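Peer 1: Full structure from sequences and hints, please.
Number of protein chains: 2
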Amino acid sequence: MQQRILTSELAAHVGQRVQLKGWLHKLRAHGEVNFLVLRDRKGLAQAVMSPQELEPLHGILAESIIEISGLVVAESQAPSGYELHEVEVTVINAVTEPTPLELNKKHIKSSLPTFLTHAVIGHRHVYHRAVLKVSAGVMQAFRAILTEQDFTEVQTPKLVGSATEGGAEVYAVEHFGQMAYLAQSPQFYKQIMVGIFERVFEVGPVFRAEKHATTRHTNEYVSLDVEFGFIENHFTVMEMVTKVVGGILRHLQACYADELGLLEVVMPSAVVDEQTRAFPYINFREAQQLVTERYGVTDAIGAPDLTPEHERLLGQWAKETYGSDFLFVVGYPMVKRPFYTHPNPSDPTVSNSFDLLFRGTELITGGQRLHQYVDYLAAAERFGYDPEKFTSYFEAFKYGMPPHGGFAIGLERFVMQLIQLDNIRWASLFPRDIHRLTP
Amino acid sequence: MQQRILTSELAAHVGQRVQLKGWLHKLRAHGEVNFLVLRDRKGLAQAVMSPQELEPLHGILAESIIEISGLVVAESQAPSGYELHEVEVTVINAVTEPTPLELNKKHIKSSLPTFLTHAVIGHRHVYHRAVLKVSAGVMQAFRAILTEQDFTEVQTPKLVGSATEGGAEVYAVEHFGQMAYLAQSPQFYKQIMVGIFERVFEVGPVFRAEKHATTRHTNEYVSLDVEFGFIENHFTVMEMVTKVVGGILRHLQACYADELGLLEVVMPSAVVDEQTRAFPYINFREAQQLVTERYGVTDAIGAPDLTPEHERLLGQWAKETYGSDFLFVVGYPMVKRPFYTHPNPSDPTVSNSFDLLFRGTELITGGQRLHQYVDYLAAAERFGYDPEKFTSYFEAFKYGMPPHGGFAIGLERFVMQLIQLDNIRWASLFPRDIHRLTP
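Taken in sequence, the protein lines are chains A and B.
Note that the working numbering has the first sequence beginning at 1, numbered continuously upward.
Note that the working numbering has the second sequence beginning at 1, numbered continuously upward.
By construction, these hints were calculated from the structure, which means they are not laboratory data.
Accuracy of the hints is not assured; some may be wrong.
Listed below are the simulated EDC-like cross-link pairs for lysine to aspartate or glutamate, each with C-alpha atoms no more than 16 Å apart in a straight line [claimed, not checked]:
no., chain 1, residue 1, chain 2, residue 2
1, B, K211, A, E174
2, B, K42, A, D150
3, A, K211, B, E174
4, B, K42, B, D258
5, A, K42, B, E148
6, B, K42, A, E174
7, B, K243, B, E148
8, A, K42, B, D150
9, A, K243, A, E169
10, A, K211, A, E169
Predicted model only: the values in this text are computed from it and were never measured.
Peer 2: Next comes the structure, spelled out in C-alpha cells:
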C-alpha cells in the first residue's frame, strides 16, 4: 500500500508516484486540461487531469475528502512549484452541497456575522487557519519562554466559590444547591501558587459576563497568566513582560514565517531599554501632560485613567520617539486599581502597576501585589469586602508570601493587534458575546 | 548588591558567600549550635547558626519569608551535602501564627479533608509540591509529543449553547437571558477542528455536575484531548495513545527524576506490541470470558460493560501475561457508547472504540468517530436527539470530514494512578466536588 505524503513534501519526490489525501479545494475544468487543487494540513497541491481522470469526481463538490495519486513533476507555473500528472483520484467522503462560505478564493467575502455563524467551515480557509495557527504559536512560545525561566505550569479551578474581582460581570452557576461562579481571572490562584512554586504561569479560559459588545471584548477568552515572587517592584515584572513578548515575536518569526507571510503581518518593533531591560515607559501623570501639551487633548489632566484615544496618541508618540510599538504606562492612581495592588512606597496614592500599550491599545495589565497579610486585611476593610469570603486566599499571605507580581495577556487581543484585525472575533475560535453562544 | 542564588546552586559556590531567599522551613534551636532550613522553589538548604545570628528570628515562625547570606561549606552530614556558615539572616515577611498543617515533617499527617481545606498551604509541602510538578510535566510532555507529530493546539469554548454528551450531569449558566452550559468535554469542537488542522490537541478544564463522590471523580478536572484525521480505524488511535503515554513516561523519567524519587513512584512497565505498535489489547467479549473462566466472576458474560472489578482482574492478567501495566480493551458494544462512535464495519453492534486500563483502572477512552453526514443524521434520529441542536457540529460533517478518531486522558487520574494515590483529590490542585468549592 502506498504511504500518504503531505503537500509540503512534493519537492522530495520529483519523478516518483505519490499519494496525497485531503480536501478537494478547487476544481477548474477547462475541457481537455483540468486543474484540481487538494488541501491538506500543510497547504495546497495542484494536479493536472484529463476528462477521463476526472470521472470519479462527477457530482462531487468542493470540500469532499479525496485521495489522489500521481507522478510528481516540477512545474514553475504550479502554485507550489510542483504538480501531479497521470492522476488517479478516489473519493473518501463526498460533499454534495455547496459550502456556505467560499473557501477557495483569496479571501472569504462574507460579513463577520456570516463568517461566525459558519466558522466551523470558515476556519478551514487558509487565511483564517493561519490566524489560529499563529495563536497556537503564541501559546507555545509563552510556555517555552517561561519554562526556560524556571516557571511551573498550573491549572487552577474555573468553578469558584466567590467572584474574583468583584463587580456584576460574573457568571453564576448552580453547584448542588450552592452558588458558584466562573473565574473572571486566575488572579487569586496564581498568587497563591507563588507560595508553592515561586514562579507560575497558566494558559486557560476566563469568563466575563460583560454586556457591552465592543470590537475588543468577548465574554470568554484565553488568558496567558504569569505570577512570580522575590521581585523588587513592578519594574521586575515589566522586565519579564518584555522577555515574554519579545520571545513570542522571535518564536513566531522563526517558526511561523509562512503564516506571517500569508497574513501579511507587519512585525512590530520591540525596542528594549538598556537600563530597565524593558520596553520604554512613561509615568501616568507625564502621559496625561504629554497628550495634553503635544496633541491638544483637553480631558486628560486630573482624570483617574487614560481613554482609548489617549492610549492611541501615546502609541503614536512612542513610535515617533522610540521607534517602539510597545510602551509601558506606569504609576496608575490606586483608586482605579484592584484591592491587591501594591502602592508606591513613596506615594501611596500611586500604584506599582502598569499597562502595556501595543500599537496604542492596552494589551497587558500587571504590577506588584500586596504581600503582607495585614495589608490584605486593611485593603478588604477599605473596599468594604467581607474577609470571610477570602479566607483561603488570605491564608496564603498569613503564612508567608514574598514580594511578588505578575501580568496577564489576552491571547485573542494579542493576535488581533499583531495581525491588525479590525475585530477580536476574527482572532477568536468560536467567540462568545451577548448575541452568540454557537458554534 | 549580592545576587540571590537557589538552593540547588550551592555546589558551585563552595568557599564563597552567597545569598538565599525563601521560606523558613524549619528551625532546630539547640542552644550553641542551631540549624535553620530554608526552602525555595528548588529545594532545601541548611544553615548552622549561633544564638547571636538567630536573634533577628526572635518571635518569628515557620513559613516566614527570609533572606540569608553565608559561606558555603561542603558538609556530608548536611541534607544536600552543603551548608551555610557565618550566617546573616533578614526577615522579609514575618509569620506569627503556627501553620494549620505541618509542612516540615516527612509527611503531612492530616486527614484528606483537613488537607483540602488548607491546600493553599498544604501544597507547599515538598511531597505535595512534587505531585503538582509531575502534573506540570505530564502536560508539558503531552504537548511536546503531539507537536512533534504535527498536531496543532486549540482552545475551544467552555461556555456552550447545548450540552455535549447529553445527560443530566451538566452545569447550567445564565448567559444574558439564554441558557448556556459548561462543556463536559471538547468532543464536538475537537472533531470540528480536524476539519481545519487534521490533527489537534487541547489541554483544558472540563465540567461534570456528577453528584456521586467517588475516590476517582471530581466535578472539574483537566482533560488532555486528542483528535486526528485520516486514520484507518481505532487501532490507528491506539497507536497514538501508546506513543503519547509512552512519551510522557519517558519525559518524566528524564526531567522529573527528583520528583519521582521523592514520591517513590514505581514506574509502570509500558510493553509495546510490535505488530500493532500499541500496548497489548483484548476484545471486550474475550475479556468477559477471561474474567469468568480464569477468575470465577459470574456477572461478566452478557453484560454491556465491564465493572471496576473486571477491570482490576484484567489489569492483573495483563501484568502476568504481558508484563504490562497497560491493557487496551477494544470492541465495546455500541449500546454503551456515545452517538458519534463508529461501528465495526463487519459487526455494527460492536464499536471501533477502546478503553485503556492502567494498573487495572480505566484511564483513557477513545476510538474512531462517525465521519459521514448521513451517519450523524441517522444517529441523532436513533438517539432521539433534535438535529437542530447540532447544526454547527453537523456542518463539519456535511462539508467534508476524513475518517478520524481520538481520545482523552484525565490529567489528575493519570497522576493519581502513576503515583498510586488512594484518592484523586491528592492529585488535584483545588478539587471541586459536591462538598467542596473552595479553596
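Peer 1: Hint by hint, note whether the structure agrees.
Peer 2: Quick rundown of the hints versus the structure:
Using a Cα cut-off of 16 Å, the hinted pair B:K211 and A:E174 holds, with the two alpha carbons roughly 13 Å apart. As the CA atoms of B:K42 and A:D150 are separated by approximately 10 Å, the hinted pair is consistent with the 16 Å bound. Proposed proximity of A:K211 and B:E174 is supported: the alpha carbons are some 13 Å apart, at most 16 Å. Under the criterion of a C-alpha separation no larger than 16 Å, the hint pairing B:K42 with B:D258 is consistent with the structure, at around 10 Å.
Taking the CA atoms of A:K42 and B:E148, the gap is about 14 Å. The hint holds against a cut of 16 Å. Restraint check for B:K42 and A:E174: not satisfied, since their Cα atoms lie roughly 40 Å apart, outside the 16 Å limit. Restraint check: the Cα-Cα separation between B:K243 and B:E148 comes to about 11 Å, which is no more than 16 Å; the hinted pair holds. In summary, the hint linking A:K42 to B:D150 is supported, as the alpha carbons are separated by about 10 Å, within the 16 Å threshold.
Restraint check for A:K243 and A:E169: the C-alpha separation of about 32 Å exceeds 16 Å, so the hint is violated. Of the pairs offered as hints, the one joining A:K211 and A:E169 holds, with about 8 Å between alpha carbons and a cut-off of 16 Å not exceeded.
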